[in-house]
Structure formats: structure tokens, C-alpha cells
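Asks: The residues making up each chain are set out below.
There are 2 protein chains.
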Amino acid sequence: MLGVLAGLEVIRTLNDAGIETDAPICLVNWTNEEGSRFAPAMMASGAYAGDFTVEDILARKDAEGVSVGAALDAIGYRGAEPVGTQKLGAFVELHIEQGPILEREEKTIGVVERGQGILWYDGHITGMERHASTPMEYRQDALAALAEIVLAIELIANSHAPNAVATVGEAVIAAPSRNVVPGEIAFTMDVRSPEGAIMTALDTEISAAVAGIASKRRVEIAFDNVWRKPPTIFDASVVGAVEQATAALGYSNRRITSGAGHDACNVNAVMPTAMIFVPCKDGLSHNELEDATQTDCAAGANVLLHTTLALAGVVS
Amino acid sequence: MLGVLAGLEVIRTLNDAGIETDAPICLVNWTNEEGSRFAPAMMASGAYAGDFTVEDILARKDAEGVSVGAALDAIGYRGAEPVGTQKLGAFVELHIEQGPILEREEKTIGVVERGQGILWYDGHITGMERHASTPMEYRQDALAALAEIVLAIELIANSHAPNAVATVGEAVIAAPSRNVVPGEIAFTMDVRSPEGAIMTALDTEISAAVAGIASKRRVEIAFDNVWRKPPTIFDASVVGAVEQATAALGYSNRRITSGAGHDACNVNAVMPTAMIFVPCKDGLSHNELEDATQTDCAAGANVLLHTTLALAGVVS
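Line order of the protein sequences matches chains A and B. Residue numbering for the first sequence is 1 to 316, as defined by the numbering used here. Residue numbering for the second sequence is 1 to 316, as defined by the numbering used here.
Rather than coming from a laboratory, the hints here were simulated on the basis of the structure. Cβ atoms here follow ideal geometry from the backbone N, Cα and C, with glycine treated the same way. Accuracy of the hints is not assured; some may be wrong.
DSSO-like cross-link-like pairs, simulated, lysine-lysine; straight-line CA separation at most 30 Å [said to hold, decoys possible]: (1) A:229 <-> A:87; (2) B:216 <-> A:216; (3) A:281 <-> B:216; (4) A:281 <-> A:61; (5) B:61 <-> B:87; (6) A:216 <-> A:281; (7) B:216 <-> B:281; (8) A:216 <-> B:61; (9) A:61 <-> A:87.
From the structure, some residues in chain A lie toward chain B, with a derived Cβ separation under 8 Å [to be verified]: (10) 205; (11) 209; (12) 260.
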């Protein structure tokens with residue numbers, strides 16, 4: 001039952017509108033996209049795509065020890081059909097951008113052609129705790145080493161603009177004290193690019209920068225790549241269908257890359273897939289200030305409708 | 001009863017050695033130098049020097065709510081004599097350096113002529129939390145701003161070498177997450193110099209650097225000077241007495257500045273004071289690896305003995 005907002009008119013079903021398609025249309029709500037209660041996020045699409053076995057996913061537990069299987073049983077949502085039984089000819093996902101580009105460029109629709117690849121690193125800097133009166137030249141300051149890393153990855157990401165971003169999101173000083181030079185810091189790093197070759201370059205350049213900083217600062221830095229997700233290249237024909245529907249509806253648009261992970265990035269491995277983005281206020285997401293206008297959401301839904309109809313084939 | 005190690009011979013008292021002085025010699029063990037249980041540190045010398053009233057100090061409580069007064073009563077150490085009754089003609093304190101200079105320069109004795117002045121700041125950076133997929137140019141990354149501050153104060157301190165040090169010892173990201181650009185960070189800063197004019201310059205230059213970084217990075221930075229302790233200038237004649245005793249004993253030595261605070265820095269305000277430093281292993285202090293050789297400690301004790309005798313005046 002595809003609900004669509006078209007201006008002020010609300011069409012409740014395709015049947016109401018007298019539309020018959022060649023292929024049936026399936027509306028999918030993948031279980032646990034956010035991953036707030038159970039890890040990993042996007043687990044249902046991951047299982048559908050074969051990244052995880054169904055048994056593995058059903059056995060994952062929340063903080064209270066309740067399994068995914070038990071939680072699905074409790075709300076009657078486990079379902080009888082084996083995962084993967086439904087074969088789809090194409091998949092299109094609508095989402096807010098979760099970034100600032102469409103809003104700043106005043107585009108209504110983002111035609112998503114790629115999803116960024118992601119590299120995650122765990123880092124640990126070991127310098128030497130010293131009294132804050134220690135002369136500068138005798139220090140092995142773990143925070144100063146981290147500071148150089150943070151600025152180095154910014155330069156490296158900028159050197160591959162607009163196709164790279166890099167972030168240190170977590171950094172914890174061990175036993176911090178106002179009058180002690182930090183001796184030990186644990187940190188994490190998130191690096192993204194939609195281009196496989198750039199991901200490889202980023203990995204090489206960042207690792208070399210970290211090693212150089214360790215040597216220059218006389219500290220030890222353990223720096224481990226703990227996850228690598230290759231870029232998602234969405235299906236050219238489905239991307240084209242989104243673009244044509246957008247153009248036919250007259251919405252301003254641009255090709256765009258998804259920075260975040262989505263169910264579409266998982267299922268793209270097993271069927272032709274693309275995504276549609278609409279702007280969100282100030283590019284904010286996963287934040288209580290997240291917002292999108294009703295007009296933009298309606299535009300996105302209309303592009304989803306017309307893309308889906310085009311892919312399914314309209315008989316009448 | 002001054003115990004002195006002189007080579008292998010141990011002289012237990014001045015009387016045993018047949019030494020009579022013009023002025024009596026007083027051995028002082030100031031209460032609560034470290035401040036581990038009660039704040040502030042060096043509270044007894046602070047009260048003696050008039051920085052705090054005795055009533056204030058006796059009312060300070062530990063984490064369990066026990067007051068200093070009650071704790072002194074419990075061990076019978078409160079004493080009957082009003083604080084400040086004992087007037088001293090001069091004061092000399094022996095301490096490990098708590099820094100690496102004497103060890104690296106292979107000097108046995110540090111003749112301490114100054115104590116560093118200290119500036120403490122509380123800082124708070126407010127940028128904007130964003131998803132780690134956000135393009136670099138749209139970010140207001142609080143950690144990147146902190147990184148620039150950490151490296152800027154290092155440059156500023158180095159530009160006043162060897163008379164300045166600056167440290168960010170604490171930095172806490174609010175709600176840190178691996179895939180979120182840090183939006184908010186609280187930090188502290190400790191800045192030291194033995195020269196009042198340089199302290200003023202450091203305050204001006206660091207405050208300007210912080211403001212410049214806030215503007216360039218489009219973040220807000222609250223940066224407040226919460227404590228200012230002026231440099232300690234020890235008494236020239238007592239410093240000279242330490243230097244002469246060191247020379248007479250034939251120990252290698254150099255003039256040095258104390259980076260840390262000491263009871264001597266407090267009482268210097270009310271009587272002629274100086275300090276003697278001996279080397280400590282790797283410059284480490286307030287660390288389980290803190291160490292000093294018996295030979296260096298004996299040398300320090302001998303300098304203390306001979307300085308004290310010279311200041312007291314030897315009759316026989």
C-alpha cells in the first residue's frame with residue numbers, strides 16, 4: 001500500500017488511482033535499521049544480502065540479554081517466510097540526506113549514485129605522563145601527538161576533496177589531570193570515500209602520517225584498521241530511473257553520494273538498487289534538531305512513486 | 001635533630017658532632033604538602049604565610065567529611081602553639097627536581113633561585129555534532145579546534161623558551177561517538193613561567209590564539225583564567241648560601257627554576273627562603289617510577305646541612 005502525497009491530493013493506493021503495473025510492487029520495512037537496541041545496524045538487509053546468517057542475527061542480544069528472535073516473537077513480527085524468499089527486480093530507498101549539500105545548493109532531490117566506503121581505526125598513543133612543569137623539549141605528550149593526527153587527517157581528506165572525509169570522534173586521556181602532561185590516549189577514527197582507489201590512498205597516507213607523528217613526537221602509536229566497508233556503486237539503470245522520474249516531475253536535483261550506511265547499500269549487492277535523498281535542515285541527523293519540510297518529503301515520495309512505477313512498468 | 005649522611009659516616013645530631021650554632025635550627029614538616037586527602041595542597045605553609053586563615057584550613061574536609069582539625073586531633077598532631085608564633089630567620093627546603101634537567105646535564109645539585117608562576121584556565125569549545133559523513137568544509141569540529149589550540153600553545157611556549165611551559169592536561173568530548181564529528185569539548189590548561197612579564201605575554205598570546213582559532217573554525221570557545229599564581233623569587237642571600245655550600249662541598253651544580261609548587265614558595269613571602277634540588281630518575285615524579293639515588297640524596301642533605309649551618313652561624 002504505497003501512500004503518496006501529491007500536492008494537497010492524497011492518493012491512498014495504486015488501485016484507487018486505477019494504476020496497474022507489470023510487476024508487483026513491494027513496500028519493505030527492514031527490521032532494525034538504526035541498531036539502537038541490537039547490533040549490528042541494518043541487520044535485516046544484511047541478512048537478506050547474505051552478509052550475516054539468519055541464525056546469527058536472531059541470536060544477537062540487547063543490553064538486557066533479550067535476543068532478536070525472542071523480541072520478534074514477543075511482538076509477533078518474526079514471520080513464517082524464509083529470509084531471501086522474496087526476489088525483487090530492483091530496490092529504491094528514500095531517505096533524508098543527513099548532510100548539508102542539498103539544502104545549501106537549494107536542490108530538492110539528490111539522485112544517489114554511490115554510498116561511501118568506510119574505514120574504521122582504533123588508535124592508542126603511549127607517550128609519558130609528566131608534571132606540567134616539565135620543559136617542552138623533554139615531553140612525550142600524547143595529546144599533542146593526537147592534535148597532529150587530527151589536523152593531518154583533515155589535510156589528507158581535503159587533498160582528496162570532495163571525495164573523502166575523516167573524523168576522530170572519540171579520544172580519551174588516561175588518568176587526566178590539570179597539571180600532568182597526558183601520557184596515554186585511546187582514540188577512534190572514521191574515514192570515508194565513495195572511491196575504492198581513494199580509500200586505499202587514504203589508508204596509506206593516514207597510516208604514514210600517524211607513523212611519522214609517532215616518530216617525530218617520540219611516542220608509540222598503535223593504529224589498527226578494524227573495519228573496511230567498500231564503496232557502494234548503485235545500479236546505473238535504477239539511478240537513471242530515479243533521475244528521469246525527478247526530471248519528469250520538474251524537481252531541481254543533483255547526483256549525490258550517501259555518506260551514511262543504508263539498507264540500500266546492503267541489498268545493492270544482490271539486486272539493482274538506488275536511493276533518493278531529500279534535504280534536511282542544517283544537514284543535521286541523529287540529533288533532536290533533525291528536520292525536513294513536508295514539501296521536500298512529498299517531492300521525495302513522488303520521485304519514489306514514479307521511479308517505482310517506471311521500474312515496475314505501467315500497464316494501464 | 002638533623003640526620004645527615006656523609007659518605008658512610010652517619011652523624012646523628014649536631015651535638016654528637018660538637019657543633020654549636022648562633023641561632024637555633026628548626027626542622028619543619030609542614031602538614032599536608034601533597035593535598036592528596038585535603039585541599040588545598042601545601043595548606044600549612046599557606047596558613048603560616050597568611051594565604052589562608054587557620055580557621056579556614058582547620059575546617060576543610062576530606063571526601064568522607066572529616067575536617068583537618070578533627071584529623072589532627074585524632075592523631076594528636078594539632079599542637080598548642082598558635083600558627084606563626086615561630087619566627088624563622090631563613091628557610092631552606094630540599095626536594096627532588098621533579099624534572100629531567102639535572103639528570104640530563106649530569107649535575108648533582110640544583111640551586112633553586114625561582115619558582116614558576118602558574119596560570120590555570122578552564123576552556124569549553126562548542127562546535128556542532130555532525131555525522132562523520134559530513135563534508136569537511138561544512139564541519140564545526142570541536143576536536144579540530146582543540147588540536148589547533150594544543151599545537152598553538154606549544155609554539156607560544158617554545159617562543160619563550162626556556163622560560164615557559166604550557167599544557168592541556170584534561171580534554172573531554174561530550175557524548176563521543178565513533179561516527180560523529182565532536183561538537184563539544186571541555187578542557188583545562190596549565191601555563192607556567194618564572195618571569196612575571198612572560199606570564200603576562202603568555203596570557204595575552206594564548207588568549208589571542210584561542211580567539212583566532214574560534215573565529216577561523218566557526219566554533220565558540222569559552223576560555224577563562226581561573227587561577228594566577230605569580231612567580232616566586234627566592235631570597236638572593238639564601239640562594240647564595242646554598243650555592244656557596246654546594247661549591248664548598250665540590251658538587252657539580254647549576255641554578256634552576258622550580259616548576260612545581262612547594263612549601264618554600266609559600267613561606268618565601270614572609271621570610272628569606274631558597275631551595276635545593278637533587279636529580280630524579282628520568283625526571284619522573286608523582287608516578288610509581290619516581291626514584292632518586294642514595295648518593296644524590298646524601299649530597300642534597302649535606303648541602304642542606306652546610307647551608308643551614310652557614311645561615312645559623314657556627315660558634316664552635
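Asks: Each hint: holds or not?
Replies: Verification of the supplied hints:
1. A:229 <-> A:87: 25 Å, holds
2. B:216 <-> A:216: OK: residue 216 of chain B and residue 216 of chain A at ~27 Å, within 30 Å.
3. A:281 <-> B:216: 23 Å, holds
4. A:281 <-> A:61: Violated. Residue 281 of chain A to residue 61 of chain A sits at ~34 Å, over the 30 Å cutoff.
5. B:61 <-> B:87: 28 Å, holds
6. A:216 <-> A:281: At roughly 43 Å apart (the allowed maximum being 30 Å), residue 281 of chain A and residue 216 of chain A break the hint.
7. B:216 <-> B:281: Cα-Cα ~43 Å, so violated.
8. A:216 <-> B:61: 45 Å, violated
9. A:61 <-> A:87: 28 Å, holds
10. 205: 15 Å, violated
11. 209: Hint on residue 209 of chain A: violated, closest Cβ of chain B at ~13 Å, above 8 Å.
12. 260: Status holds, d = 5 Å.
Comparing the model with each earlier hint shows violations of hints 4, 6, 7, 8, 10, 11; every other hint is respected.
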